[in-house]
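Between the sequences and the hints, there should be enough to build the whole structure, so can you do that?
Protein chains in written order, with the numbering used here: chain A, 51 to 191; chain B, 51 to 191.
In case anyone wonders, no lab produced these hints; they're calculated from the structure.
These figures come from a predicted structure and were not determined experimentally.
You may find that some hints are simply not true.
Pairs involving identical chains hold if they fit within one copy or between any two copies, as the list cannot separate such chains.
Below, simulated DSS-like cross-link-like pairs (lysine-lysine); rule was C-alpha separation at most 25 angstroms, straight line [said to hold, decoys possible]:
no., residue 1, residue 2
1, Lys170, Lys186
2, Lys175, Lys152
3, Lys152, Lys130
4, Lys68, Lys55
5, Lys97, Lys55
6, Lys122, Lys186
7, Lys122, Lys152
There are 2 protein chains.
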Amino acid sequence: MKKEKELYRDFLRSKNLKLTKPRLVIMEAVFENHEHFNVDDLYEQIKKKHKNVSRATIYRTVPLLVESGLIKQSLRCESKDIYEHTYGHENHLHFICENCGKIIESGFSDVANLIDQLAKDEKFKISEYNLGARGKCKDCQ
Amino acid sequence: MKKEKELYRDFLRSKNLKLTKPRLVIMEAVFENHEHFNVDDLYEQIKKKHKNVSRATIYRTVPLLVESGLIKQSLRCESKDIYEHTYGHENHLHFICENCGKIIESGFSDVANLIDQLAKDEKFKISEYNLGARGKCKDCQ
DNA sequence: GATGCAGTTGAGATTCATTCTCAATAAACT
DNA sequence: AGTTTATTGAGAATGAATCTCAACTGCATC
Ligand SMILES: [Mn+2]
Ligand SMILES: [Mn+2]
Ligand SMILES: [Zn+2]
Ligand SMILES: [Zn+2]
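This is how it looks when you write it as structure tokens:
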């Protein structure tokens with residue numbers, strides 16, 4: 051079984067939640083592509099494969115995927131919360147173009163090291179970084 | 051005249067916008083306290099001083115304040131956009147406690163320098179940094 | 001300090017992402 | 001298979017943010 055499915059199943063079990071068909075379909079869709087996505091993107095992607103799941107269920111499942119550590123919420127874009135699967139991927143930061151909506155990924159570890167130091171100074175325990183910037187991509191300036 | 055009012059007036063003039071009473075009331079309210087705020091906070095604050103301004107006008111004015119450089123949008127909190135006046139203040143990043151909601155401010159420039167370099171590599175023009183982390187403050191661990 | 005014009009306001013309607021409700025259904029365990 | 005308990009889908013509800021438009025106001029000009 052794929053590592054992420056195992057992790058998901060164990061996570062659900064640990065919370066007395068059931069590994070249902072919709073929950074599996076959603077999780078698989080999330081790992082099917084490597085783009086950042088919002089709930090509606092996911093809904094359409096799943097619909098295209100004729101494995102329909104309601105929006106309500108996607109809205110309910112995404113927070114579970116976040117809690118399980120498989121995906122992370124990213125900077126919001128066009129008034130919608132966006133996510134990306136992060137399990138098995140390097141941390142990185144996001145540059146979001148305010149004009150065309152494009153998301154550019156960039157390095158992370160140097161920035162994270164610096165912030166870790168600042169957090170340490172404040173005795174703050176980081177659980178999730180929120181790092182990026184808005185602006186104009188090179189095509190939109 | 052206060053420096054920020056001057057800057058505001060010049061900004062408005064440069065865009066052929068009028069310095070109206072509501073716009074002035076809102077700007078003054080923003081500089082009256084040093085907390086992070088959302089539109090509703092501002093609305094209530096202004097109402098308390100009996101200088102009522104409609105929510106619609108606040109929603110219309112806040113983006114102008116952002117564009118003028120007097121305030122910045124910060125990390126959103128409880129599904130609402132939050133802001134802080136930044137004119138005359140050092141840039142800083144935010145550590146948000148997931149438990150008690152406290153916002154801790156910390157240094158910035160080293161982190162910004164690093165990110166500036168990464169953005170330069172991508173030919174990305176930053177208009178707004180979005181830097182911080184969620185986690186637990188020292189009192190909540 | 002009256003006039004004209006373009007930008008502005010407030011109130012309420014509207015949009016739209018997200019959350020909620022609840023009756024019907026499915027997973028998990030014995 | 002039967003029992004229990006969580007889950008689902010459809011649509012209603014919520015609420016932050018935006019839009020509409022008739023009445024109003026800042027401001028430049030005379
Ligand atoms: Mn990413
Ligand atoms: Mn701050
Ligand atoms: Zn762009
Ligand atoms: Zn705390």
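Okay, the hints, checked on the actual structure:
no.: 1; hint: Lys170 with Lys186; result: between (33 angstroms within a copy, 12 angstroms between copies)
no.: 2; hint: Lys175 with Lys152; result: between (31 angstroms within a copy, 13 angstroms between copies)
no.: 3; hint: Lys152 with Lys130; result: both (14 angstroms within a copy, 23 angstroms between copies)
no.: 4; hint: Lys68 with Lys55; result: within (13 angstroms within a copy, 58 angstroms between copies)
no.: 5; hint: Lys97 with Lys55; result: within (21 angstroms within a copy, 53 angstroms between copies)
no.: 6; hint: Lys122 with Lys186; result: both (24 angstroms within a copy, 17 angstroms between copies)
no.: 7; hint: Lys122 with Lys152; result: both (18 angstroms within a copy, 22 angstroms between copies)
Checked against the numbered hints above, the structure breaks none of them.
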